[in-house]
Amino acid sequence: MKQPKLVVIGLGQEVRGDDGAGIRIVRDWRAKFPCTSEIPEVRVEISGLPGLDLLSLMEEAQAAILVDAVHEGSVPGRLYELNDEQVSAFSEGAQSAHGWGIAETLALAKTIQHKLPKRLAILAIGSNHFDLGANLSPQVEGAIPRAVEHLQEMVLEILGKTSGLEEYEVGVVLQIRPTPQVPGNPTLLIGK
Amino acid sequence: MPETIYVRSMARVEGEGALYIGVKEGSVKEIRVDIYEPPRFFEGFLRGRYLQDVPDLTARICGICPVAYQMSAVRALEKALGISVSAQARLLRNLMYCGEWIESHVLHIFILQGPDLTGHESALQLAAAAPEVVKNALRTKKIGNHILKIIGGRSVHPVNVCVGGWYGWPEASELRGLIPELEWGLEQAMLSVPWAATLPFPDFNVDYEFVALTRPDEYAILDGDILSSREGRLSEEEYEANYLEKHLRHSNALHSSNKHGQPYLVGPLARLNLNLDQLGPNAKKAAEGINLALPLGNPYKALLARAIETVEAFERAIRLIKEYSPVGSPAAELQLKTGLGAAATEAPRGLLYHHYSIDDKGFVKDAKIVPPTAQNLGRMEADLWQLAPSLLAMQHAEATLKAEHLLRSYDPCISCATHFLNLKVYEAT
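For the record, the sequence lines run as chains D and X. The numbers in numbering that gives the first Met the number 0 rise by one with no breaks, and the one at position 150 of the first sequence is 149. The numbers in numbering that gives the first Met the number 0 rise by one with no breaks, and the one at position 65 of the second sequence is 64.
It should be emphasised that the hints constitute simulated quantities derived from the structure, not laboratory data. Heads up, the beta-carbon is just placed ideally off N, CA and C, and yes, glycines get one too. Careful, some of the hints might be misleading.
As the list claims (entries may be wrong) - Here are a few chain X residues that face chain D, going by a calculated C-beta distance under 7 Å:
#, residue
1, 126
2, 128
3, 129
4, 132
5, 133
6, 144
7, 148
Said to hold, decoys possible - Simulated pairs of lysine-lysine, BS3-like, Cα-Cα distance not exceeding 25 Å:
#, chain 1, residue 1, chain 2, residue 2
8, X, 245, X, 28
9, X, 284, X, 78
10, D, 4, D, 31
11, D, 114, X, 134
12, X, 284, X, 336
13, D, 114, X, 245
14, X, 336, X, 367
15, X, 245, X, 134
16, X, 283, X, 336
17, D, 109, X, 245
18, X, 321, D, 117
19, D, 4, X, 148
20, X, 364, X, 245
Take the sequences, apply the hints, and build the full model.
Here you go:
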């Protein structure tokens, strides 16, 4: 079987309020853009808390997009696109975090020179409410459509395609996360 | 002397919990392993579900040991219906369980407990110091994932097992394709036993009541009688009369004790102590190679037991794949009837007991699940009582690390037990 070029992975705990945003974005994207999500070049994974198995999920894919919630203080609903290097910077402050999150897993992979996809991106959504059994907070819920559109744009860009791209909302707040060394920066929630 | 040791959330354990050690006038007054991860009421929502839903629902209790939950569930329900599965169906269950043992044991040896014994703060530090060790561990763990994926369709929460056997037979050729990698894994597992034996295990010895499944013909994983090092042999049906659960206010997990109110130990150390003679030839050779002497009552050395059991899982998986030759229907036909069924299997962390009552249409009337970590909680607290006096002579950070290490050596799965860890030593009032 031909290996897919791109794997899109929805991460997080759906039972913990905004932490379910990553999975929700991937599900909504899959429903809205089946013409993209269902082609053989794309594999979609809904994986909750994969821990080290995240490496297996990305294996042999040339590119991976991880979609997840980030704790971003008091600005829920903001979108962030992190590239490979920013992702590894993320892990530097996260080594003492219990459990195995994306940051720890990617840091471990780099430490042992485990082969990762050539291109690795995270679409992250600022989140602030993680109560057990809660739904997405209104701010995060309201940002889902934008996140879905942005995910589609990332996918098409990676696949080298421009057709099928719906008009992108002008003025969408899309920020690159500030340097992670500053205290109080976003922390990936996976593994908690 | 530490006044307050408080680890808000234990690292490298599955789930959420805390530990209190109460100190007053230089002596330890209170020890509590608190489970604050919420209870999940699985037993409650299984009521009214059709029996074939049960293995896939209970698998969701744990992402590390879903196979254990599935196997205890199907075996208990099959006993309620009075049916047995074919020899090839049992073989495949045994094989899938080996895959889970490999995944879980390797994760604990190298990522969770390994850093404690090699003097590293985290698996990342261990990986930086010994990248090949961690690289091989990940490759080894992946072999377990492959077994689950081929048999169960996916490596987490596999879906193929059913009451009566399997929904479908996996391709024998696909499983045989794993043999070269399994042989590499067996070789690595054989090497990891002498490596593990050189680790600086703390000097600590406990007189445990070991409880595990046992069978005469193989190292019991999937089925067998329940054997206690003190009480002797019991059938699975006699488990509940001899091992009791009680609710403690500080814990969302039930604590188990034997009928005399004393804690007991399940898990790799219990299994190895009770079933050494039933190990396969390579695992036995690995145990002899390190001059293993029983009884082994050092909880930290459960890592040694896991290393030996990993050899067992690899050699058994190779043997089973060679013997796998499915014929006929993968599942026995179900004749629904009212019934009660109790069964236990050996999850990576120890004995996992399920008990179901079903009606004549196959719907669950009542369910009881006793996970290994819940059974070991009382034992963890008792071990901490034994360790605590030595903690008082230490600096705070060192004492915290020692207590954490002891609990991590149990490989507690709090998510499963909530039915776990911060460490808090405080001045009792």
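- Holds or violated: is the Cβ of residue 132/X closer than 7 Å to a Cβ in chain D? violated, 9 Å
- Status of the hint placing residue 128/X at chain D (closest C-beta pair under 7 Å): violated, 10 Å
- Between residue 4/D and residue 148/X, does the CA-CA distance stay at or below 25 Å? The given pair, whose Cα atoms are some 21 Å apart, holds under the 25 Å limit.
- Message: Given the hinted pair residue 364/X and residue 245/X, is their Cα-Cα distance within 25 Å?
- Response: holds, 22 Å
- Query: Would the stated hint for residue 144/X survive a check requiring a Cβ distance to chain D of less than 7 Å?
  - Reply: holds, 6 Å
- Query: For the pair supplied as a hint, residue 114/D and residue 245/X, is the alpha-carbon distance within the 25 Å limit?
  - Reply: Measuring from Cα to Cα gives roughly 48 Å; hence the hint is violated.
- Are the Cα atoms of residue 284/X and residue 336/X separated by 25 Å or less? Answer violated: residue 284/X to residue 336/X is near 47 Å, above 25 Å.
- Under the criterion of a CB-CB separation shorter than 7 Å, is residue 126/X in contact with chain D as hinted? holds, 4 Å
- Message: residue 245/X and residue 134/X were given as a pair; does the straight-line alpha-carbon distance stay at or below 25 Å?
- Response: violated, 42 Å
- CA of residue 245/X to CA of residue 28/X, is that 25 Å or under? Within the cut-off at roughly 22 Å; holds.
- Message: Check whether the Cα positions of residue 321/X and residue 117/D lie no farther apart than 25 Å.
- Response: Distance ~38 Å between residue 321/X and residue 117/D Cα, so the pair is violated.
- Query: Taking only the CA atoms, is the gap from residue 336/X to residue 367/X under or equal to 25 Å?
  - Reply: holds, 19 Å
Checked against the numbered hints listed earlier, the structure breaks hints 2, 3, 4, 7, 9, 12, 13, 15, 16, 17 and 18; every other hint is satisfied.
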